[in-house]
Structures are given as C-alpha cells and as structure tokens.
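To convert, note that position 156 of the sequence shown is 156 in this note's numbering; the numbers rise steadily by one, no gaps.
Hints are computed from structural coordinates only; laboratory data are not their basis.
C-beta: ideal position from N, C-alpha, C; glycine also.
There's no promise every hint is true.
Listed next, with one range per pair, are the computed distances between beta-carbon atoms [as the list claims (entries may be wrong)]:
| # | residue 1 | residue 2 | range |
| --- | --- | --- | --- |
| 1 | Q210 | L165 | 49 to 59 Å |
| 2 | E653 | E420 | 40 to 50 Å |
| 3 | I258 | P301 | 21 to 31 Å |
| 4 | N551 | I248 | 52 to 62 Å |
| 5 | E328 | I672 | 53 to 63 Å |
| 6 | R214 | W403 | 15 to 25 Å |
| 7 | I258 | R654 | 36 to 46 Å |
| 8 | E646 | T691 | 40 to 50 Å |
| 9 | L131 | Q575 | 50 to 60 Å |
| 10 | F565 | D700 | 46 to 56 Å |
| 11 | V572 | L131 | 46 to 56 Å |
The calculated EDC-like cross-link candidates involving lysine to aspartate or glutamate, where the alpha carbons are at most 20 Å apart (straight line), are [what the hints assert, rightly or not]:
| # | residue 1 | residue 2 |
| --- | --- | --- |
| 12 | K382 | D481 |
| 13 | K519 | D529 |
| 14 | K473 | D202 |
| 15 | K513 | D228 |
| 16 | K651 | E614 |
| 17 | K415 | D452 |
| 18 | K651 | E617 |
| 19 | K419 | D452 |
| 20 | K640 | E653 |
| 21 | K473 | D200 |
| 22 | K640 | E611 |
| 23 | K382 | D488 |
| 24 | K254 | D294 |
| 25 | K651 | E611 |
| 26 | K455 | D424 |
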Amino acid sequence: MTRKMKDKEDQKSVIQSKQGISVWDVNSPSSLVRYLCRPTDPASLAILRIAFGILMMVDIPQERGMAHADVRWGRKDVCRFPLFSDLKVAPLEWMYIIYLIMFIGALGIALGLFYRISCLLFSIPYWYIILLDKTSWNNHSYLYGLLGILLMIVDGNRCWSLDGLISKSINNSHVPFWNYFICRTQIFLVYFLAGLKKLDQDWITGYSMQRLSRNWVFDPFRLLLTDDQIDLFIVHLGGLTIDMFGGILLLFDKTRPIALFLLASFHFMNSTMFSIGMFPYAMLATLPLFCTFDWPRKVIPNLTKFFRLPFLTGTEIQSSSHCIYSKEEIKPERQSQNDKVCVNSKTPPPTAPSLVHKLGVGFTLIHIAIQLFLPYSHGITKGYNNWTNGLYGYSWDMMVHSWTTQHIRLSYRDKITGKEGYLDPNAFADGAGRRWSSHGDMVVQYAHCVADILKNYNMSVELYFDIWKSMNKRFQQRMFDPRVNIMDVEWSPFKEVSFAMPLLLDLSPWRSKLEEMEKELIDTSNYTDVVFVADFPGLYLEAFIQEELGNTSITLLSGSVVVEFVEQKKNVSLQIGEKIQVPPGQFHRVHTVSGEPSCYMYIYINTTYVEIMEKVEAVEKIMNEKNISATVAIKRKLSKHDPFMEDVRQKIERRVKEEKKKSLSDRVQEFIIKKVALLKRSWTFLLGALTSVVQKTSFDDFLEKAYTEGRIPDPNVQESVDQVS
Numbered sequence: 001m002t003r004k005m006k007d008k009e010d011q012k013s014v015i016q017s018k019q020g021i022s023v024w025d026v027n028s029p030s031s032l033v034r035y036l037c038r039p040t041d042p043a044s045l046a047i048l049r050i051a052f053g054i055l056m057m058v059d060i061p062q063e064r065g066m067a068h069a070d071v072r073w074g075r076k077d078v079c080r081f082p083l084f085s086d087l088k089v090a091p092l093e094w095m096y097i098i099y100l101i102m103f104i105g106a107l108g109i110a111l112g113l114f115y116r117i118s119c120l121l122f123s124i125p126y127w128y129i130i131l132l133d134k135t136s137w138n139n140h141s142y143l144y145g146l147l148g149i150l151l152m153i154v155d156g157n158r159c160w161s162l163d164g165l166i167s168k169s170i171n172n173s174h175v176p177f178w179n180y181f182i183c184r185t186q187i188f189l190v191y192f193l194a195g196l197k198k199l200d201q202d203w204i205t206g207y208s209m210q211r212l213s214r215n216w217v218f219d220p221f222r223l224l225l226t227d228d229q230i231d232l233f234i235v236h237l238g239g240l241t242i243d244m245f246g247g248i249l250l251l252f253d254k255t256r257p258i259a260l261f262l263l264a265s266f267h268f269m270n271s272t273m274f275s276i277g278m279f280p281y282a283m284l285a286t287l288p289l290f291c292t293f294d295w296p297r298k299v300i301p302n303l304t305k306f307f308r309l310p311f312l313t314g315t316e317i318q319s320s321s322h323c324i325y326s327k328e329e330i331k332p333e334r335q336s337q338n339d340k341v342c343v344n345s346k347t348p349p350p351t352a353p354s355l356v357h358k359l360g361v362g363f364t365l366i367h368i369a370i371q372l373f374l375p376y377s378h379g380i381t382k383g384y385n386n387w388t389n390g391l392y393g394y395s396w397d398m399m400v401h402s403w404t405t406q407h408i409r410l411s412y413r414d415k416i417t418g419k420e421g422y423l424d425p426n427a428f429a430d431g432a433g434r435r436w437s438s439h440g441d442m443v444v445q446y447a448h449c450v451a452d453i454l455k456n457y458n459m460s461v462e463l464y465f466d467i468w469k470s471m472n473k474r475f476q477q478r479m480f481d482p483r484v485n486i487m488d489v490e491w492s493p494f495k496e497v498s499f500a501m502p503l504l505l506d507l508s509p510w511r512s513k514l515e516e517m518e519k520e521l522i523d524t525s526n527y528t529d530v531v532f533v534a535d536f537p538g539l540y541l542e543a544f545i546q547e548e549l550g551n552t553s554i555t556l557l558s559g560s561v562v563v564e565f566v567e568q569k570k571n572v573s574l575q576i577g578e579k580i581q582v583p584p585g586q587f588h589r590v591h592t593v594s595g596e597p598s599c600y601m602y603i604y605i606n607t608t609y610v611e612i613m614e615k616v617e618a619v620e621k622i623m624n625e626k627n628i629s630a631t632v633a634i635k636r637k638l639s640k641h642d643p644f645m646e647d648v649r650q651k652i653e654r655r656v657k658e659e660k661k662k663s664l665s666d667r668v669q670e671f672i673i674k675k676v677a678l679l680k681r682s683w684t685f686l687l688g689a690l691t692s693v694v695q696k697t698s699f700d701d702f703l704e705k706a707y708t709e710g711r712i713p714d715p716n717v718q719e720s721v722d723q724v725s
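Take the sequences, apply the hints, and build the full model.
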C-alpha cells in the first residue's frame, strides 16, 4: 500500500470514528469487542447524565410520591400489592429517609459526584418503591429504573463531572462506544416495541384512546378533519407510525432531523395531554444521544458566558483503559489536529481486548437480549395474564388498552356463622385505585389481605369478587368468575389464572353499532346515559337502581334473559328488541338463559340531575336578562326551602369559573405555587422523619401535630389524595 493510500485509509477511519460508524468481522468475536470498545467522545453521554439526574430530582417529590408518602405508605390497615409477597413497607419515617437517599443519588448523578455510588443510591430505593406497589407500575417508571442501572454501568462521569475535577485521570476521557450503543438501543426499543404493540387490532381501528381529539393541541388538524377522523388518523395511526419508525429515522444522518422534529413535537403534545410527570422531558433528553458524540462541544461555545462556565473543559480528550485503540491512534506522530487524543505515557492505552472490555460488551448483549425477551415473555409468566398480557409496565404497550369499570362487588360468607354480606371493595385498598381489580394476581393478594384483616374480628371468610369492566369500548362484562371462592384459588406466576373469564372478542364487531346507538340517545337528551352489558350463559347480573335514576330501562340486544324483580318476586322474559322499565330503589337480577352470551343495554335518565339543570338554566337566564349576580338570581327564582338550592349555586359557580379564561401569567403562577407546595410538603415531612429517627421520638405525634396546626393539610380531607399514584 502506498503512503498516499494509507493516509486516505487513516483519514477515513478518523471520520468513521467521529460519526459512530465502523465495521467488524461478524465471524470474529474479538472484532465485535474492538468495535464496541472503540473510543468515543464522552460529551453527549455527560449531557444525558446531567439531564436525567435533574429530572429525577423533580420526579421524586411528584410521581415517586415523596410529597404524599404519608398518604401512600402511612396507613397500616390497608392492603399492598408488592411484586414479591415478602417485600414489606418500611416504617413511614424510614420511607422518607429512603426517598432522601434516592434524591441524594439523583443529585450525585447530575453532579457526577461519587458517580457509581450515586447511581446505586438512586437505583436501589427506586426499584424498592416500584416493586412495593404493582398498581403504580407504568412504562416510563420502568424506563427510569432501567436508565438508572445503565448509567451506573456506563462511564457517564468522564466529562463535566465533579469526579473529573477530583480525579484528573478520568476528566474528559474517552468512553467506549458500547456506552452509547446500549443507551441508544434501549431508547430505540422503547419506540419500536411500542410500535409493534400498536399493531393490535383495537389500536389500528381507533378503539384504544377515546376523545383525545377534543384537546386544544389538535386545533390545527380540526381545519381539515372531524374529531373522529383526528382520533383515528392522527392519534391512532399517527401514533403507530411515529413509534414504529421514529427510532429507525433517528439512526441515519439524513433522516435524523425529521425524526428529531417529529418526536420532539410528539413529546411536547403528550406533556400537555397527559399527566405523566417527567416522561416527555426524559424522552426529549434522550434524543440527542443519536446525534454525533461531540455535538455539545459545538453548541456550548455559542452559549452565553454564564451558561458556558459549567461546561469548560480541555480541548484534548484523554485516553481511557475502558477503550481499545489501534496502534496508529496511540502513536503521537500519527495524531491529527482533528482527532486530538491525550495519551498517558505512564499507562499506554490498551490495544487488545481484556476482561474489562469483554465484560462491558457481554453486559451490553445480555441487557439487549433481556429487553427483547421480556415484552414477549408472557407465555412463561402466565399468572400475570388476564385480558391483556402481563402487568402494565414492562411490555411497552403504552395506552393500547383503555378501561372503564362499571362496578366491583366484594361479597363474603363467614364459615363459622354462615353469615353472608358485602364489603366495600375500596375500604382496604386506600390509594391503590382500581388497577388491582384488572389483574388476577392482585385479586388473590387482595383477598388474602382482606381475610387476614377480618380475622381480627373473629371472622373466617370465603370471598367472591364480581368485577365488571369494559376494554376498548366493548361491552361491560365480568373479568372473573363470581362463583369462585378466591381464598381457595392456587395462584402461580407460571400457570394461567384459573378463575379469569375470557374477553368476549366475538362481540367486538358490535362496537361501531354501540357508538351509533349511544350517540343517538345522547343527542336525544343531554341527561341520558347508556351502559352496554354482555354476560355469560348461566350467570346473572344483580344491580340496584339509585332513587335519582327515576327512568331506567333494559333493552335486549341479543341472546335471551329473564329479569327478576327481587322485592316483587316477579320474573319477566325478554326477547331481542324488547324493553322493560326497572323500578328505582330496588334490586333486580338479569339472568342469561340462552346458550350464548346475552347482550343488553341500560338506559338511565337521572331525573334529579335533570331537575337541577333546569333550575340552573332558569337562574342563568335571569342573570343574563337582569344583569344581576348568581346569589340574587337564585333568591328570586328559587324558594328558600328548595332542596337543590346549594346544588344550583355550585353548578353556576363552576360554570363561571370554567368560562373565565386564565392568562399565561396566571397559569405560570398556579404551576409554581403547586410545585412549591409539593416541595414544602416533601421536605417538611422529611425533616420530621429525620428528627424522629435521630431523637427516637414518635413520628405519628409529629404528623398529628402538623395536621392539627394546619402547617400541612390533613390528607384525609384533601381531594388531592385521590390523585396519588
């Protein structure tokens, strides 16, 4: 090879190294190790580390629940849903200290101080809190946990870190390419697997997400499309396209600007439509990972001096023992001005793979293999499968399934006295929401927890759950067999849930007809509500109609049913298309007597609500005609003994408040006030917990004093409690 040809090859190698492009011999493991361990600029990885640490510091008081830890973890007489039954909640004061440790870890990650210890301090408490409560799992919480582990493994402190100031040998030094490769692959999989999951028939046909088109972010599309078309083409098909191809477009230089624009727009829209905490901003922070490794060094010189100061560093990048160099790269006379590498003469950089390099590459390959396997591992972990596969969180099936819960009935039979009755299904699951009722494993956990609580009242019970839900606009139907005593169920993570009822997929084509029927009924009266029900042969639905629902009827759509009026001891058979009125204030049962599932609909008219709204409209009419206040108009229109006077006043006040548009400054002020309140609550309780542990005093006394003095709102009387994860 001539000298000129060799120089061209060296120049090509330098360009490829800067762009993250290289080749390896697929038949040579050593070549793969060299490829993944080649030196790269640490700048982009450092930006990810800083952004992640800051975002997690904001996330901990909010979505991780530090601000409401007293609500979430304080009660002792409630049921928990940990992944492992032996995993217990620490005493409340220690839960606050665990949050503090996690916060210190996030701060250390952002600063790059005692970096790997900080990652450990963040990750262990984080996963502990996640595993304590399956009802709060979601995809982005899982992603944060993964990123915490990945940052602990990669060399994220090699640039713009306090560790670099303390130890000059690592400051501004190369990181192996696998550091970027593993993080990029993880983010790519988030998009791509979410796209694969959206190939679900429900998503493609527009039944997963409901009424998102009403959000203001879709106003530009409303010039050309109807709300239904926006829901289908923009939300569903557009979301599928972005997830499926967004990650792919990020991989190539020519398509990367398009991907950055589309994905940034996508995440900004999500931040306005959904209450998902830091997730949109965390995903925005990962997008620059796919740009050139040294992009921050090109951007920082253009910043003002104030913002540029924390990012001052040398122009030369040091060699690192974690990378593998070619012999040409470490020869001082071969270095070019465009590829400056500062070589430590005392410890020459490695030119051949060592155990450290192989372990790094091995971890990369194993992690990627696990992330490819877990989203499709449901054939093994059958115990977590119900109508959907697995627990929501690690499968990247983001928003593919939307649920509505009609009702949850928990009945018991005392085996000692034979007494039967009903329990409030939410009484023992404070703050857990209703997600537990969609998963067989959590239903079993809940049943055993409730039974243990009832033992304190000398009761040994059988427990039966009758849970009615609808998934993606289908009929309301049972999730679990109400005839099965859950206390006798043997549950295993590797066996199918024996008491789960199948999703009635054969009835899915009904959905378009149900939408038309619902729209027609609602157009007839704004005060009409409709519920579509499907039930299995041999079972019956028992329901109680509230007094205010004075006009309720059942219409049979398919199959055969017998309606039993319990108090009247009367049975009425219905044929398809027939309708029957149901008296309010009484129980009735709808028995399915056909050989196939029955389908019927309830039509409700809330007569009390109708009466209230008629009075609201009459009062508002007087307000507009006479130009008087709501208080004066109510006094003129309603008698002082009217039972709905307070309801009318609240409705009018709510309407006036909704119509009053907030200015941008008002919204910013409200946002700041809420965040400050969260931080105040978090740190007030944290200081109380630390004081309790150090001085060995009662933390319960501190809480009672804080609530009594009004320094901290009592969670038992706050509406915000309902919003706790």
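Practice problem: Could you work out which earlier hints the structure fails to respect and list their numbers in ascending sequence? | Solution: As far as the earlier hints go, not one is violated by this structure.
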